[in-house]
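Starting from the known structure of chain A, fit chain B onto it as the hints suggest.
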Amino acid sequence: MKQVLLLHVFLLYAATGSFATIIKVHPAANSIHQAIEQAHNGDTLLLQGGFYKEHDILVSKKLTITGQGLPVIDGENKYQVFIIAADSVIIQGLQIQHIGKGSLVDMAGIKIINAKCITIRNNRFINNTYGIYLQNATRCYIVNNTIHSDTKGEINGGNGIHAWKCDGLGIKGNSISGHRDGIYFEFVTHSYIADNTSFENARYGLHFMFSHNDRYTQNTFMDNGAGVAVMYSKGVVMYDNAFNHNWGDASYGLLLKEITDSKIEHNRFIKNTVGIHMESTTRVDVRHNLFSENGWGVRVQASCSGSNFVENNFIGNSFDVTTNGTMMLNVFIHNYWDKYDGYDLDKNNVGDVSYYPVSVYSVITEKIPPAMILYHSLLTNIMEQVEKVMPSIIPDMLKDDQPMMKKLKL
Amino acid sequence: MKTIIKYVLFDLLKNKTIIVYALILAAITISVSGMGDNASKGLLSLLNITLLFVPIISILFSTIYFFNSVEFTELLLAQPIRRKTMLLAEYAGIAVALSIAYLAGVGIPVCILYYTAATLTLLVSGLFLTLIFSALALLIFVLFKDKTKGIGAAIITALFFTLLFDGLLLSFIYSFSDYPVDKPLLGLISLNPVDLARVLVLLQLDVAVMMGYSGALFKKFMGSATGSIYTVICMLCWTVIPLIIAARVFKKKDI
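Line order of the protein sequences matches chains A and B.
Take 1 as the starting number for the first sequence in the numbering used here and just add one per residue.
Take 1 as the starting number for the second sequence in the numbering used here and just add one per residue.
Mixed in with the good hints, there may be bad ones.
[Claimed, not checked] The list that follows gives simulated cross-link-like pairs (lysine-lysine, PhoX-like), each with its CA atoms no further than 20 Å apart:
id, chain 1, residue 1, chain 2, residue 2
1, A, 339, B, 41
2, A, 388, A, 399
3, A, 367, B, 183
[Unchecked claim] If you want the ones that stay clear, here's a sample from chain B, every Cβ over 12 Å from chain A, calculated:
id, residue
4, 16
5, 60
6, 92
Don't read these hints as lab results, they were simulated from the structure.
All of these numbers come straight from a predicted model, not from anything done at the bench.
Glycine included, each C-beta is placed from N, C-alpha and C at the ideal position.
Extracted from the complex, chain A is given alone in its bound form (with noise of 0.2 Å):
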C-alpha cells in the first residue's frame, strides 16, 4: 500500500514536470508577459520594484505573483491589468493603477474568471475602475488590500470590490474608498466580510444583493454617500460593525429590503440620517445594537413582520422610531430609550409604563412630508408632550413593554 502511495506521488510530480522555481522579473517590455509564457504550474515570479506598463496579463497558470519593493503596474487609463482564469493563484505585494474605462467591458485591476481558491493580499489599487472583480469564483480569499479610487460620481465610477456569483469567499481588512460601492456582492453565498474599512464611497459602503448565508463582522462603514444596503437575501449575519455618519438628504446606516432570517447584533450605529431603514423584512434579529445620534434611529415599515428588537440602546436621536402604518407585526422588548420617563417602583430596573417610541411629529411628517418644515417649533413640541399623556395619533401597537431603566452594557 505503502509503495502504491510513494508511486502515486512520484507520478504526480512526473506529471507536473518539475520542482517550483523563483523566476525574477524586472521591469522592461512585456516582462511580466514573457516570465508568465515561462513558468510552469507552480513556480513563483518575483516582481522586483519599478514601473511596469503592461496589460491583460492572462495568468492561466498556477502561479505565485509576489512583488518586492512595491513595483508598479500601470494601466496608462486604458486598459485592465490582471485576469485570472487558473486555481490557485496568489497575487500579493504589487501596485496596481488607472485601470481604464470601458463600456462593453468592465475593467478591473484584477479580474478572477471561474477559478478557485485564489489568494489576493497586501495589494495596493489606485485609481482604478473597479478594484477587485470576481465572476464564479470559488473560495477566494482577499487580505488586507488597499483600495483607494479619486473619481467621484456614482455613474463613472466602478466597485472596490466586485462579485458576481461566487462562492466562498473570504474578505478581510481591507480599506476601500473613493468607489461607487466599496464591496459589491451579488449572488454571492457562504462568505465572510470582517475587519474591513469601507468609506467616502459616491454610493454605498457595501451593497449585498441576493446573496445567501453570508456574514459580515467587525467593519466600518462610514461618510458613504448612501450607507449599507442589504436587499433580497437570507440568512445574513452582521456582527459588530460600524455604521457612522452616512448623512445625508437620502442617506442611512443600513438599509434592509426583503430580508428573512437575518441578525443584527452588536453593531453601533452613530450620526446616520436613519440609522436602520427596514422594509418587507421577515425574522430579523435586532439584538444589543447601539442607536446614537441618529436623525431616525430605526425606520420600520408596516411591510415588516416577524422582527425582535430586543435590547438595544436609544441614546440622542431625534426620533427613535418611526413606521409608516398603524400595524406593527415586530416586536420591541427590553430596550433602553433615553426618552423614556416612566418610573419603576418595583426597582427591578424595568419600567413599570410602556414606552411609545414613535413620536406624533414622526408620524406626521411621514403622512405628510411637507410638515416638516415645523421641525422644532413650539406647536410640534407641545404635541408630542399633549401625545405623551393620551396618545391617539401615534400607532399604540409599536410599543416596548419593559423598557429598561439603565443603559445597557452591550
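For chain B alone, kept in the frame of chain A given last:
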C-alpha cells in the same frame, strides 16, 4: 431725535426688567451650552429658547413700557417736535435696549463657546425678532388707547406668531397634502417672522437633512444667497411696515 433716543435708552438700561432679562438669557445660554456635548445640539436648544422668549418678552415689555410712558410722550408732544420723530425715537430707544440685552445675554456667551456661521445666523435672527416684535408693540400702543386692551393684544399677537400660526400652517398642510404644497409653504412662512427665523437657523445646522425632500427644496432656495437676502428682506419688511403704519396712525391720533 438723538436726545430722546439717548434719554429712553439710558432710562431703559437702568430698568431692572431689562437687566433681569439679560441675566436670565445668559444663565439659560450658559447652562444649555454646558449640558450638550455637541455644538449643534446646544444651538438647537438656544434656537428654541430664542424663538419662544424673544418675541414674547420683546412685545410685552415694549407694550407695557410705551403705555407707562404715555405722560412722558404727551409732555414731549407739547414741545415743537414732529409726532413721527418722537415716536420713532422712542421705538429706537427701546429696540436698541432690548437688542443690547439679547446680545449681552445670548450673543457674548455663545460667541465665546462656539463660534460658527450658524451662531451668527441665530444672533441675527434673534435681533430681527427683537426689532420686529418691538415694532409690533409700537403698533399696538398706537392702535389701542387702553393699557389693558393693549397688553391683551400684545399677548395674543405673540401667541399667534409663536403657536397659532404653526397650527394653521399644519392644518393647511394636512388639508392640501395631496397637492404639491412645498412652494406655497415657502411663501406662507414668510408671513411669520418666527418661522422664518427658525427655518433660517435650522438650515445652517446638520439637522437640515432631516427635513428630507421638502427640506432640500427649502435649502435650495433659503440656503442660497438669494434666499438669505429674501429672508432678510422679509424680516426688514416685518420691521418697517408696522413702523410706517404706526407712524401714520399716530399722526392723526387724538391724544
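Checked hints:
Using a Cα cut-off of 20 Å, the hinted pair residue 339 of chain A and residue 41 of chain B holds, with the two alpha carbons roughly 15 Å apart. With a C-alpha separation of about 12 Å, the suggested pair residue 388 of chain A and residue 399 of chain A falls inside the 20 Å cut-off, and the hint holds. About 18 Å separates the Cα atoms of residue 367 of chain A and residue 183 of chain B, which keeps this hinted pair within 20 Å; it holds. At roughly 27 Å, the least C-beta separation between residue 16 of chain B and chain A is larger than 12 Å, which holds for a residue marked as non-interface.
The claim that residue 60 of chain B is not at the interface with chain A holds, since no C-beta of that chain comes within 12 Å of its own (minimum 16 Å). Every beta carbon of chain A lies more than 12 Å from that of residue 92 of chain B, the smallest distance being close to 29 Å; the non-interface claim holds.
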